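Engineer: These are the residues of each chain, in order.
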Amino acid sequence: MEEEKLLKLAVDAGEVVLTSGGEIHRVEDTISRIISTAGENSNPEAIVFPTGIFASMNGKNGHITKVKRITSRSTDLKRLHYVNTLSRRFVAGEFTLGEAIKDIERIKKLPDVKQPIFVIGITMTCLFFSLMFEGSLYDGISAGIVGLFLGLFMFYLSSHNVAYFVSKFLSGALISILTMILYKYNICDDYNKVIIGCLMPLVPGVTITNALRDVLNGDFVSGVSRIAEACLVAVAIAGGVGIVLKILSQI
Amino acid sequence: MSKIIYQTFVAFMACIFFSLTFNTPKKELPFCGFTGAVGWCVYCIVVYGFKGDAIMGSFLGSATLTASCRFLSHIRQAPSTLYLIPGILPLVPGSYIYNTMYGILDGDMVYSYTQGVLTAKIAGVIALGVMIILSLPYSCFNFIKK
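Residue numbers (the working numbering), protein chains in the order written: chain A, 2 to 252; chain B, -3 to 142.
Keep in mind the hints are simulated off the structure, nothing from the lab.
This one's a predicted model, so the numbers in the text were calculated from it and none came from an experiment.
All residues carry an ideal CB built from backbone N, CA and C; glycine is no exception.
Keep in mind that a hint or two might mislead.
Chain A is faced by these chain B residues, among others (derived, beta-carbon under 7 Å) [claimed, not checked]:
id : residue
1  : M9
2  : L16
3  : T17
4  : F18
5  : N19
6  : T20
7  : T77
8  : I81
9  : L85
10 : V88
11 : S91
12 : Y94
Some, not all, of what chain A presents toward chain B, calculated at C-beta under 8 Å [as the list claims (entries may be wrong)]:
id : residue
13 : T76
14 : D77
15 : I121
16 : F134
17 : V207
18 : I209
19 : V242
One chain only, chain A, in its complex shape (with noise of 0.2 Å):
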């Protein structure tokens, strides 16, 4: 009974770590180390994949199992920091199995990140990486109101749900609308630079990033999937700028 408890709670720390944006090999590592403080014969194995968590170990009365697959991924780098607090602090001996697992369950019901937070985030996002691009203070005010509705947007469309490539290209096709009408009435100085300020908050990077380390580190099958993911939505971003530019100046 106390292995299962221990197995699940291995399990769920992964999860956590796995779906709020850590690599391969930290979801593998911290299940590992969970599952080892169970003594010497325990004999922790963990494959994780991005859609799905297989851990076992050897308890007293044979080997357990348990499998979780993973439907949805986002960041959420608090949760990401509270479970790695939480379980080098288990492994550490600072924590009970029981509350560890009660400490687990706060963590997993921790709000997400609030909508006035994220808008404003997104916002200034834009405008600072349009000024970056050396866009003028022009560009960078208009890259900010861009800003605006595409955090408005991006907020509505996670919470409803929409299919993760679709909402890349609305929030694409969103931003060079805006963009376009801005410049017409000549409230930006260069409309490339808003246009590459706002798709900032968009591009893949965390997940190109995370991806190469994967190959990098050897586990390749999740990193050839998630650069996969990355160059759909690196498409997805760019076809959604690109059709409304193409359509805007046919008219």
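Put chain B on the given structure of chain A with help from the hints.
Structural biologist: Chain B in isolation, oriented as in the chain A frame:
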């Protein structure tokens, strides 16, 4: 020189606000901004100061940024991914992806091909820079005692 300082400051602010959207704990926000600023500062010094190319800049930038992530990870007792994810963003070749798309749209295939290859090169070089530093042993980064 003033351009490099301006660019570093803007990258710092951008990284702070971008990490807000990832629900980063408030105490870690300045450090997320710091790693992003370090990476972009090195890139700017290489590209504007030494007239190097974007590939060399991205490599050295991502290597320095990962090293600072690992220092911070040791000092703050937090996973290095927490600083790496927001910090890597300024170096991501977003403008090259846009240029590739723009070339395809214009029918200028030579331009879009060169920009596309540059995108792939920069992405690969960033990952290489990150990976080289990550594969160093932990003892290289824990000489500052807490």
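Engineer: Is the interface hint satisfied for T77 of chain B? The criterion is a beta-carbon contact with chain A at less than 7 Å.
Structural biologist: Holds. Min distance 6 Å.
Engineer: Hold the hint about V242 of chain A up to the distance rule: shortest CB distance to chain B must be less than 8 Å.
Structural biologist: Holds, because the Cβ-Cβ distance from V242 of chain A to chain B comes to roughly 6 Å (cut-off 8 Å).
Engineer: Does the interface hint hold: is T20 of chain B within less than 7 Å of chain A, judged Cβ to Cβ?
Structural biologist: holds (4 Å)
Engineer: When the nearest CB of chain B is found for F134 of chain A, is that gap smaller than 8 Å?
Structural biologist: Nearest chain B Cβ about 6 Å off; hint holds.
Engineer: A closest beta-carbon separation below 7 Å is what the hint needs, so does V88 of chain B meet it against chain A?
Structural biologist: holds (4 Å)
Engineer: Interface hint check: D77 of chain A, Cβ to nearest Cβ on chain B, cutoff 8 Å. Holds or violated?
Structural biologist: holds (5 Å)
Engineer: Should the interface hint for I209 of chain A be scored as holding, given a Cβ-Cβ cut-off of 8 Å against chain B?
Structural biologist: holds (6 Å)
Engineer: Under the criterion of a CB-CB separation shorter than 8 Å, is I121 of chain A in contact with chain B as hinted?
Structural biologist: At 7 Å from the nearest chain B Cβ, I121 of chain A passes the 8 Å test, so the hint holds.
Engineer: Regarding the hint that I81 of chain B lies at the interface with chain A, is the smallest CB-CB distance below 7 Å?
Structural biologist: holds (5 Å)
Engineer: Given V207 of chain A was flagged as interface, is its beta-carbon under 8 Å from a beta-carbon of chain B?
Structural biologist: holds (5 Å)
Engineer: May I ask you to test the interface hint for T17 of chain B with respect to chain A, counting a Cβ-Cβ separation under 7 Å as satisfied?
Structural biologist: holds (4 Å)
Engineer: Can the hint on F18 of chain B be confirmed by a CB-to-CB distance to chain A that is less than 7 Å?
Structural biologist: holds (5 Å)
Hint check: no violations occur; every hint is consistent with the structure.
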